[in-house]
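> Each chain, letter by letter, is given below.
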Amino acid sequence: MAVITGDFPTGPYQATYAVAGLNSGAATTLGLMEGPIRHQQNVIALPIYATLWGRHIIDYVFQGGGVFVIATVKEWDAGAKAFMWQYNAAMGIYPIVGELLNPYFGQIVLTALAGTPAATKGPATRTYPLSGLLPGHNLDITFGPTERNVPVLMCCLPEQNSSTVGSAKYYTDT
Amino acid sequence: MIRKLLIVRKAQMKADLIDKSGLKPFIKEAELPVSPAAWHEEDGLSHLGYVLEMKLKEYEACKKWCGAFPQAGFVTLLDLTEDVETSLSSVGLRIHPSAE
Numbered sequence: 024m025a026v027i028t029g030d031f032p033t034g035p036y037q038a039t040y041a042v043a044g045l046n047s048g049a050a051t052t053l054g055l056m057e058g059p060i061r062h063q064q065n066v067i068a069l070p071i072y073a074t075l076w077g078r079h080i081i082d083y084v085f086q087g088g089g090v091f092v093i094a095t096v097k098e099w100d101a102g103a104k105a106f107m108w109q110y111n112a113a114m115g116i117y118p119i120v121g122e123l124l125n126p127y128f129g130q131i132v133l134t135a136l137a138g139t140p141a142a143t144k145g146p147a148t149r150t151y152p153l154s155g156l157l158p159g160h161n162l163d164i165t166f167g168p169t170e171r172n173v174p175v176l177m178c179c180l181p182e183q184n185s186s187t188v189g190s191a192k193y194y195t196d197t
Numbered sequence: 003m004i005r006k007l008l009i010v011r012k013a014q015m016k017a018d019l020i021d022k023s024g025l026k027p028f029i030k031e032a033e034l035p036v037s038p039a040a041w042h043e044e045d046g047l048s049h050l051g052y053v054l055e056m057k058l059k060e061y062e063a064c065k066k067w068c069g070a071f072p073q074a075g076f077v078t079l080l081d082l083t084e085d086v087e088t089s090l091s092s093v094g095l096r097i098h099p100s101a102e
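Those protein sequences? They're chains A and B, same order as listed. One gets the numbering used here by counting positions in the first sequence from 1 and adding 23 to each. One gets the numbering used here by counting positions in the second sequence from 1 and adding 2 to each.
Derived from the structure by calculation, the hints contain no laboratory data. Please note: incorrect hints may appear among the correct ones.
Straight-line alpha carbon distances no greater than 27 angstroms define the calculated DSS-like cross-link-like pairs of lysine-lysine that follow [said to hold, decoys possible]:
hint : chain 1 : residue 1 : chain 2 : residue 2
1    : B       : LYS16     : B       : LYS26
2    : B       : LYS12     : B       : LYS65
3    : A       : LYS192    : B       : LYS65
4    : B       : LYS59     : B       : LYS22
5    : A       : LYS192    : B       : LYS12
6    : B       : LYS59     : A       : LYS192
7    : B       : LYS66     : A       : LYS192
8    : A       : LYS192    : B       : LYS57
9    : B       : LYS22     : B       : LYS66
10   : B       : LYS66     : B       : LYS16
Here's a subset of chain A near chain B, in silico, CB distances under 10 angstroms, partners left out [said to hold, decoys possible]:
hint : residue
11   : GLN37
12   : THR134
13   : GLY138
14   : ALA142
15   : PRO146
16   : ALA147
17   : ARG149
18   : HIS160
19   : ASN161
20   : THR195
21   : ASP196
22   : THR197
Just so it is clear, CB atoms sit at the ideal spot from N, CA and C, and this is done for glycine as well.
Bound-form chain A, shown alone (with noise of 0.2 angstroms):
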């Protein structure tokens, strides 16, 4: 009997955080986490009209976009908290009113599990270097005899692209 095969990029990854600024640390695992680990991306752009064409979208100016990491993290050690909250050690604490907070953000690295098909078909790694929790995502932590699953949304800053002013890099693939 034929197997169906397909292109299928399957297995798990795992994660690391790395907190800049004035928690900063070396990378911690994010240990085990709930489900898999999302990445959104999209991209802004004005919509250019014309008389002649009335409402029809004839083209559009790119003006922007956002990346975003999403993840349940499951554990309650170090890394995990990190990851949920880089403004200070203390989860109470947060950052003064005014400060600008990339320098709180840190470097998150994906890591295929070897072996896997994800790892061959890539990427083996995908690292955003400047993340943080989004402005404005309540962190949602049960208090009870539960398992702790915390989801998190990440919001990612970008870099300059090499030495093109102007183009962003939000993430590396390897």
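Using the hints provided, position chain B relative to the given structure of chain A.
The following block gives chain B in isolation, referenced to the frame of chain A:
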């Protein structure tokens, strides 16, 4: 001279890829065995790395060659402003321990 670190995912690399790339004259060091920092030593290699030193025109050709592969991350060109280890660690990789 522009210094870059070329990383090629081993599983998708044909034996003659580098020969046909035209980049061979610019490779300055021996081929580097590379693996993710999170992998165990026994997991083997994930990538091969090449230190490149190029003039601007050659670099433009190199960028074009790297951009010709549709698989995201199959080939990656990293900045090499510091040493190779720093460049690799910035993307979660390292020289495979067996090569050290």
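> Can ASN161 of chain A be said to touch chain B, with a Cβ gap under 10 angstroms?
Cβ of ASN161 of chain A sits 29 angstroms from chain B, so the hint is violated.
> With a cut-off of 10 angstroms, does the beta carbon of PRO146 of chain A approach a beta carbon of chain B closely enough for the hint to hold?
Check passed: Cβ of PRO146 of chain A comes within 4 angstroms of chain B, closer than 10 angstroms.
> Take a quick look at whether LYS192 of chain A and LYS57 of chain B sit within 27 angstroms of each other, Cα to Cα.
Holds. LYS192 of chain A to LYS57 of chain B sits at ~24 angstroms (cutoff 27 angstroms).
> So, as I understand it, the hint says ARG149 of chain A touches chain B; can you test that by seeing if any CB pair is closer than 10 angstroms?
Holds, about 8 angstroms.
> So, as I understand it, the hint says ASP196 of chain A touches chain B; can you test that by seeing if any CB pair is closer than 10 angstroms?
Holds, about 3 angstroms.
> Hinted pair, alpha-carbon criterion (27 angstroms max): LYS22 of chain B, LYS66 of chain B. Please report holds or violated.
Distance ~14 angstroms between LYS22 of chain B and LYS66 of chain B Cα, so the pair holds.
> Hold the hint about THR134 of chain A up to the distance rule: shortest CB distance to chain B must be less than 10 angstroms.
holds (4 angstroms)
> Does ALA147 of chain A pass the interface check with chain B, least Cβ-Cβ distance below 10 angstroms?
Since chain B brings a Cβ to about 5 angstroms from ALA147 of chain A, closer than 10 angstroms, the hint holds.
> For LYS66 of chain B and LYS192 of chain A, compute the direct alpha-carbon distance and say whether it is at most 27 angstroms.
Roughly 18 angstroms separates the two Cα atoms, so the pair holds.
> Are GLY138 of chain A and chain B close enough, Cβ to Cβ, to be under 10 angstroms, as the hint says?
holds (7 angstroms)
> Do the numbers back the hint for THR197 of chain A, that is, is its least Cβ distance to chain B under 10 angstroms?
holds (5 angstroms)
> Given ALA142 of chain A as an interface hint, is the shortest Cβ-Cβ distance to chain B below 10 angstroms?
Since chain B brings a Cβ to about 7 angstroms from ALA142 of chain A, closer than 10 angstroms, the hint holds.
Checked against the numbered hints above, the structure breaks hints 18, 19 and satisfies the rest.
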